[in-house]
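S.K.: For reference, the chains in residue letters:
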Amino acid sequence: MSEITAQTTNATSLLAFHRKMLRTKPLGGVGGFIFALFLFCGAFADFLAPYGMNDTDMLRVLEAPSLAHWMGTDHIGRDVFSRILYGAQQSVIIGFLAAGLATVISIVLGVLTGYFGGKADMLIQRFVDAWMTFPDLVLLIVVVSIVGPGVNQIVVILGCLYGIAGSRIIRGSTIAVRENMYTHAAQSMGANTLHILWFHVLPNVMPVVIVLFTTRVGAVILAEAGLSFLGLGIPPPVPTWGSMLSGGGRTYMYVGPWLALAPGLALTVVVYAINVYGDALRDMLDPRMRGR
Amino acid sequence: MMEPLLTISDLSVTFATERGRVQALDGVSLELAAGETLAIVGESGSGKSVTALSILGLLGDAGQVKGGSIEFQGEDLTRVSAARLREIRGNQIAFIFQEPMSSLNPVLTIGTQVAEPIWLHHKKSWPEAFAEAGELLAKVAIPDAAQRLEDYPHQFSGGMRQRVMIAMALACQPKLIIADEPTTALDVTVQAQILSLLKNLTKELGSSLILITHDLGVVARYADKVAVMYGGRVVETASALDLYKNPRHPYTKGLMDSIPKLDGDPGSRLHTIEGQPPDLSDLPSGCAFHPRCPYAHEACTASKPPLTAIATNHQRACFGYE
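Those protein sequences? They're chains P and R, same order as listed.
Under the numbering used here, the first residue of the first sequence is numbered 1, with each subsequent residue one higher.
Under the numbering used here, the first residue of the second sequence is numbered 293, with each subsequent residue one higher.
Treat the hints as calculated values from the structure; they're not laboratory data.
Ideal Cβ positions, reconstructed from N, Cα and C, are used throughout, including at glycine.
Estimated spans, in silico, between C-beta atoms of each pair: (1) P/Gly-172 x R/Gly-509: 40 to 50 Å; (2) P/Gly-172 x R/Lys-537: 54 to 64 Å; (3) P/Ile-169 x R/Glu-442: 28 to 38 Å; (4) P/Met-181 x R/Gln-356: 14 to 24 Å; (5) R/Val-399 x P/Gly-264: 38 to 48 Å; (6) P/Val-108 x R/Val-399: 12 to 22 Å; (7) R/Thr-593 x P/Met-181: 36 to 46 Å; (8) P/Leu-265 x R/Ser-417: 51 to 61 Å; (9) P/Val-108 x R/Pro-552: 56 to 66 Å; (10) P/Trp-198 x R/Gly-366: 27 to 37 Å; (11) P/Gly-118 x R/Leu-497: 33 to 43 Å.
Please work from the sequences and hints to get the whole structure.
M.R.: Okay, here's the thing in structure tokens:
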């Protein structure tokens with residue numbers, strides 16, 4: 001019973017939080033709305049898409065947008081709108097899995113090195129420094145060409161790539177929390193280190209974690225599109241925005257500009273929306289920025 | 293004389309700083325009986341907080357106990373394992389920090405934080421611990437205690453937060469409570485309330501209390517025994533009454549004279565102790581107080597005066613000036 005009420009209050013407070021965001025940070029609020037819409041489309045692509053992802057109609061090749069085909073058809077008569085929805089599905093899956101993995105890696109590395117400090121911190125953070133000097137895309141291309149394309153590989157690689165770099169941010173806020181009086185108070189109370197990390201440090205770095213996760217979703221989607229564009233992403237026939245751009249989009253750009261415009265715009269709008277949403281989240285969750 | 297609950301003997305603590313190791317405590321000895329209230333007074337840097345923190349082994353990475361012992365119920369706290377120390381912290385010895393504004397975790401409810409030590413040490417189920425937290429909040433006179441369990445620290449005023457800290461300290465019925473300047477951050481009107489509450493509740497439990505302060509008024513009103521610290525050493529210790537009536541160390545005398553008197557001459561300048569408090573990384577030779585002492589003689593610059601009894605329950609560290 002109490003659990004149910006707790007959940008409804010959580011849901012209403014989440015709603016109230018976003019209503020406040022819409023009022024104080026309208027751009028971020030709209031970004032959040034687009035982000036939610038994107039999640040919805042990705043989650044229910046199977047029900048929303050008017051055509052199958054690979055249904056071809058050779059009589060309607062390279063048709064301009066119409067009521068039957070909202071975003072036109074491609075060079076083998078597939079409905080572009082349906083493929084955009086299925087592409088969103090791929091982006092949601094990869095975005096959430098890879099950003100989730102990245103966040104977990106960041107938390108583990110960042111909290112441990114930040115809380116304990118000392119030699120281990122030195123060693124691990126120098127490794128992170130070295131890691132961050134590699135250009136993302138080069139590293140991605142090298143690793144994918146070794147292990148081969150596929151959803152699992154991309155999730156693991158992007159997760160590690162962003163997770164290791166992001167640990168620096170979590171480490172910074174962990175150090176700030178560690179120096180707070182309440183962690184000393186918890187120590188004086190006889191709590192062990194694990195207890196302090198879980199109940200006192202982690203909840204207090206959560207605002208940073210939430211923002212990091214959100215912006216990482218955007219970054220991962222963009223990176224995946226880049227890989228797919230280069231043919232190193234998810235293998236066909238599964239549609240992704242990146243492969244739609246490079247496949248039909250590039251080749252038939254002059255005959256059917258909608259082929260390039262649809263995935264390009266989808267990508268731009270979604271990543272932009274996630275970024276402004278993440279920005280607004282940071283402004284609202286960071287106590288130092290509150291009230292501005 | 294009762295069996296002492298806590299005996300600190302010849303405790304020395306150093307801190308690693310950028311300018312080398314600094315001697316924060318130099319041969320500190322204190323004794324505390326069960327049920328007694330000991331006040332430790334001294335200015336900033338005199339070592340009073342370091343003494344308190346070293347009892348619980350909370351000196352941090354930079355601090356190190358170099359010598360001496362801290363006997364608590366027959367155990368030397370400077371030698372027990374980290375796990376044993378965690379069992380004692382919060383359960384046998386509780387600590388109240390001076391900043392109630394930052395000593396509570398902002399993202400956890402008050403009830404959760406008060407229940408935490410009970411859950412940690414008494415191995416009770418969470419609902420039981422939470423219910424006990426409600427009783428504790430009522431005990432420290434927080435209005436509508438049961439309703440406020442679900443509130444967060446920012447919904448409490450400074451005085452109310454210090455009450456919550458007291459409730460947390462009392463949660464496991466500790467034998468000893470250490471309060472490090474518990475009222476420094478509070479309004480003057482709230483200070484007396486908090487201290488009376490603390491004193492009454494410790495008396496109710498039969499616990500001992502170490503009160504760290506620089507407020508001599510607080511000492512007179514709440515302490516049984518006083519230890520005056522200067523430059524990392526105890527310079528005088530006596531019963532509170534004795535110390536007020538008959539301060540025997542020049543530093544204590546100076547402190548007493550610095551308290552404005554109600555019957556003093558209006559318009560006259562307040563008494564001050566000349567000079568600056570000593571720099572711990574560069575202490576004067578011999579008695580650390582000698583450069584500021586009006587009675588200093590040659591012996592004072594040559595060696596450190598030991599803490600010696602001059603009357604029953606009255607000790608001072610001075611070569612004498614009478």
